[in-house]
Amino acid sequence: MVHPSDKLRRFGSRSDGRKRCQVVRTINGDWRHGPTLQWAGRLHLTLWFVSHSHLAPPRRAPDSAAQPAFSSTQRSPERRVISSVIVHQCAMASLISPYLSVPTAPGRARLAAPGAPRRRRMAVVRAKIREIFMPALSSTMTEGKIVSWTAAEGDRVAKGDPVVVVESDKADMDVETFHDGIVAVVLVPAGGTAPVGAPIALLAESEEEVALARARAQALSQGQSKEPSPPHATAAPGPPPPAPVAPQATKGIATPYAKKLAKQHRVDIAGVVGTGPHGRVTAADVEAAAGIKHKQKVAPPPPPPPAAVGPAPPMPVLPPVPGGTVVLFTTMQAAVSRNMVESLRVPTFRVGYSMITDKLDALYEKVKSKGVTKTVLLVKAAAVALTQHPVVNASCRDGKSFSYNNNVNIGVAVALEGGLLTPVLEDADKLDIYLLAQKWRVLLKKARMKQLQPNEYNSGTFTLSNLGMFGVNKFDAILPAGQGAIMAVGASRPTVVADKDGFFSIKSEMLVNVTADHRIIYGADLAAFLQTFAKIVEDPEILTL
Amino acid sequence: MQSTAAVSVSASATASRGGARSEAARRPGGVRVCGLRGEALTCPSLRISQAPARLAVARAAAATNGAVAGSGGGFDYDLVIIGAGVGGHGAALHAVEEGLKTAIIEGDVVGGTCVNRGCVPSKALLAVSGRMRELHDEHHMKSMGLQVSSPGYDRQGVADHANNLASKIRSNLTNSMKALGVDILTGVGTIVGKQKVRYGKAGFPDKEITARNIIIATGSVPFVPKGIEIDGKTVFTSDHALKLESVPDWIAIVGSGYIGLEFSDVYTALGSEVTFVEALDQLMPGFDPEIAKLAQRVLINPRKIDYHTGVFANKITPAKDGKPVLIELIDAKTKEHKETLEVDAALIATGRAPFTKGLGLENINVVTQRGFVPVDERMRVMDADGNVVPNLYCIGDANGKLMLAHAASAQGISVVEQISGKDHILNHLSIPAACFTHPEISMVGLTEPQAREKADKEGFEVNIVKTSFKANTKALAENEGDGIAKLIYRPDTGEILGVHILGLHAADLIHEASNAIALGTRVQDIKFAVHAHPTLSEVLDELFKAAKLQPREGRDSKPSSHPNRC
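Top line first, the protein sequences correspond to chains G and H.
Positions 1 to 545 (our numbering) are the ones given, in order, by the first sequence.
Positions 1001 to 1566 (our numbering) are the ones given, in order, by the second sequence.
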């Protein structure tokens, strides 16, 4: 099980940027091959957040609590706009995640003590020493600077206490911890910089474990200093190469942009051969070392829109259309494209269902004035139905298990200018429609201003796509990676229906299509889910409860 | 151009005074013109012309250069100004308007640093830089629906634009003085004794003239710390940089003040990479710390710029014999050698030194301090014993009070006011400053730390409010939402202590605040002034409206400040 940010660090430190198989250990202590990834080199974090959910462990793993949740979302929009530019936003950010600390830290600890890996591992699991990580405070943040530690070494902190102020590329944010404990070791002091996901401090659960944490910190730093010397073949399989936590002093001369690029792509600049004037390292050298081909601005023929269907790993490039215009993907569009191609690996099937919506329409007319939209009603209906059919809310992550989600988080596809996002209504089953509607308005606004935080668009467990407002009567959707099912909703249209007594009448009918991952969700599951959903839609009073 | 502006200002001032009067006549008890206090209009700094009759005098004076006042007392001139920069020019125009017979002595070119080697050509380069930035910002362009393919530039074309602008402004300046009848005397001016100046240039006999009053306005030259060898090609100052003879791949800029920051904007827009060398621990040390921090986020971090702070450039060797420019950095405190940079070029932007050599100050017992001419608050030159030297003034960079072109001009006008028998003290805290990066930075009054220090000393409270460009319609329409405005004020009196702006057209926005400070307008008054919608000026409008005052009875004794009165 590999956390994306963890992976980012490991891959980032590679200079070839090609294929790699990860062997890491899960929280249970067994070994597992991680997914093999094609790492194209110039993959930005932005992309990562959009596309990583299929790699990530379930966001709401029982012990994770690693969900950044920004309290600033509760502020009024005006206030938030201002504060996002100016000062300390209070951020409840991610911090501690045991499943993360286990794969990384013992791996390094073992470097220091290769003799006794097993014993050490057990100790770690029981002792609950958690690493505090550099959180990703914005979608474009690749590294953060520690402005100050509000908690010092030895301080006891409680869940929710701010422990550190981090300067991202956008603002300074107070970062809070989600766990009680003692700040045992500060790994990156104030003023230091660390890439997103790198450990910046260790949190011990009790006094006794402080010493243990210190030892581990020492091992960590030793492991790092030893890293350049290769002979560690005896060490346990696959110790991940550590990422540089703080920027290292460069011996060679490198230009300012070269240094920036090196940091961004995690290239050790000392190892780059400079080809610039007087042997200096230039931006081009760093890009070459990171395996990036320079984007050609004038020549037009980079990949055309994804007309290519078929799971061929190398993307076929069609000849350019004569006389046409080629417009490169934006980051968001590239992420959409990647996700769509990725989805071809999943065996999906589709089930359709038509339902009468007269009552739903009537309900909508009633609550419309309170800002509740049809989409919100459908989200709520889907959420209620999902609680009764948890498998439809589950996902398949490794091809051999069901991953059930504790929460019903419904992503809703939103068309944006030149893109597509799925802001997520978390806990849609628990909130009432008015609260949902309110939350939805905030999310929509943020989405349009491109201010969604990663957790607000990638924590979905089920997705709803509604094209009813365009008059579409039916369509089907592509299953997003990391989810079990997606629902495509068409418009309600007056239709002549015959009831069981043979009487004809005109009712509003809506066609709903669900696409699901057949590895975990079978035809009958989906049919039953749709039946429940249809019942709710046809008798929607339950939605207002 | 300036002269017409002056006349029209006087005319409108007169008109509005008239308006204020009739207003006052109709409404006894409160002279208020849209929230601006009536007294403001009689403020000394606005007393350019007091009555229509006076205007006529000024016009007559313009034609004859002081024929009305004459040059009584046997002096050749009422006023001789040494140095025809922006300061001298401003003083000369105002002197003519006041009816003084005026001459200006210039040893180099009219316009001085600002027009020839400073503000003016740099604005031309920055205009290019701003456009390049926009065209290169694909994301920005795309978000506005624009498509541009591979924008480029022609270095010589850019350089010519700067040079043409300088010559145009220079001829405007010269013509404006000639048209008013100011005598432009060519040569290097020297004070030979009380009210006596000699001037001359090589190959010509020196001439001596007498003047009732003398203004020194000789300005400044780029300051080059010792150890730095200037060759004008690879190691140079702003004087050379403005000619834009080359665009190096990598340039180190020593000093991160206004000049350094503006040049970093130009060079990075033209494709250079920049390394800042700053002796203090923070970049942009002169700015309000909060603004500096945000500026770093907007103007430094996302660009191809890195920096070394807390270091001196101990030694800089120009590129020669196939070697790059070498910059030895030493720790600013310990003086230990830290690092040697190898770059393609180095721009020395470590400030400016007064140009006061050869002025003959020793003839009148005046000793400069680090080159600056010591003056009192009325710009009167002080001699070595601390006494005022009668009839001798010094304005602009040469006195070092506030080294800005418009400050020099304001000081010159202040001096002319005094010469014309109206006491005048310039409030330097009302003089705005601007840095023309993209986006721009501007400020007036105190920075937050300065205000807090003053508040501690004098025992009052300080409040701060801020507004964001992100909330401004016009800024968002331009897709330029980066920026804030910050107001520092006294919550007890509503006095504006300082305003700092970082954002689109900040330099043009600051004047509302600087005028308010100059006129003593308080927050509670200016908040009722109306701003056109949608404009960037609403950033300041919101700022003033956001400022809350301490409720105190009788603080605002005039209930007539209600907006409906306007």
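To be clear, the hints were calculated from the coordinates, so they are not data collected in a lab.
All C-beta atoms, glycine included, are put in the ideal place defined by N, C-alpha and C.
One or more of the hints may lead you astray.
Claimed, not checked - For lysine-lysine, the following DSBU-like pairs were computed, each having C-alpha atoms within a straight-line distance of at most 30 Å:
(1) LYS1320/H x LYS1243/H
(2) LYS370/G x LYS1401/H
(3) LYS446/G x LYS1474/H
(4) LYS1207/H x LYS1196/H
(5) LYS1401/H x LYS1243/H
(6) LYS1293/H x LYS263/G
(7) LYS1333/H x LYS260/G
(8) LYS1315/H x LYS450/G
(9) LYS1545/H x LYS1454/H
(10) LYS370/G x LYS535/G
(11) LYS1315/H x LYS260/G
(12) LYS1168/H x LYS446/G
(13) LYS145/G x LYS1470/H
(14) LYS450/G x LYS1196/H
(15) LYS1474/H x LYS450/G
(16) LYS1401/H x LYS439/G
(17) LYS445/G x LYS1466/H
Claimed, not checked - Restraint ranges, calculated between C-beta atoms of paired labels, are given here:
(18) ARG493/G x PRO1302/H: 18 to 26 Å
(19) SER1150/H x GLY323/G: 53 to 61 Å
(20) PRO494/G x LYS1545/H: 49 to 57 Å
As the list claims (entries may be wrong) - Which stretches of chain H does chain G cover? Using the computed rule of at least three CB atoms under 8 Å from a CB of chain G, they are:
(21) 1268-1280
(22) 1301-1308
Comparing the hints with the structure gives:
| no. | hint | verdict |
| --- | --- | --- |
| 1 | LYS1320/H x LYS1243/H | 21 Å, holds |
| 2 | LYS370/G x LYS1401/H | 62 Å, violated |
| 3 | LYS446/G x LYS1474/H | 20 Å, holds |
| 4 | LYS1207/H x LYS1196/H | 11 Å, holds |
| 5 | LYS1401/H x LYS1243/H | 28 Å, holds |
| 6 | LYS1293/H x LYS263/G | 21 Å, holds |
| 7 | LYS1333/H x LYS260/G | 28 Å, holds |
| 8 | LYS1315/H x LYS450/G | 48 Å, violated |
| 9 | LYS1545/H x LYS1454/H | 24 Å, holds |
| 10 | LYS370/G x LYS535/G | 24 Å, holds |
| 11 | LYS1315/H x LYS260/G | 26 Å, holds |
| 12 | LYS1168/H x LYS446/G | 49 Å, violated |
| 13 | LYS145/G x LYS1470/H | 24 Å, holds |
| 14 | LYS450/G x LYS1196/H | 69 Å, violated |
| 15 | LYS1474/H x LYS450/G | 19 Å, holds |
| 16 | LYS1401/H x LYS439/G | 56 Å, violated |
| 17 | LYS445/G x LYS1466/H | 23 Å, holds |
| 18 | ARG493/G x PRO1302/H: 18 to 26 Å | 50 Å, violated |
| 19 | SER1150/H x GLY323/G: 53 to 61 Å | 20 Å, violated |
| 20 | PRO494/G x LYS1545/H: 49 to 57 Å | 52 Å, holds |
| 21 | 1268-1280 | holds (count 3) |
| 22 | 1301-1308 | holds (count 5) |
The structure is inconsistent with the numbered hints 2, 8, 12, 14, 16, 18 and 19, although it conforms to all the rest.
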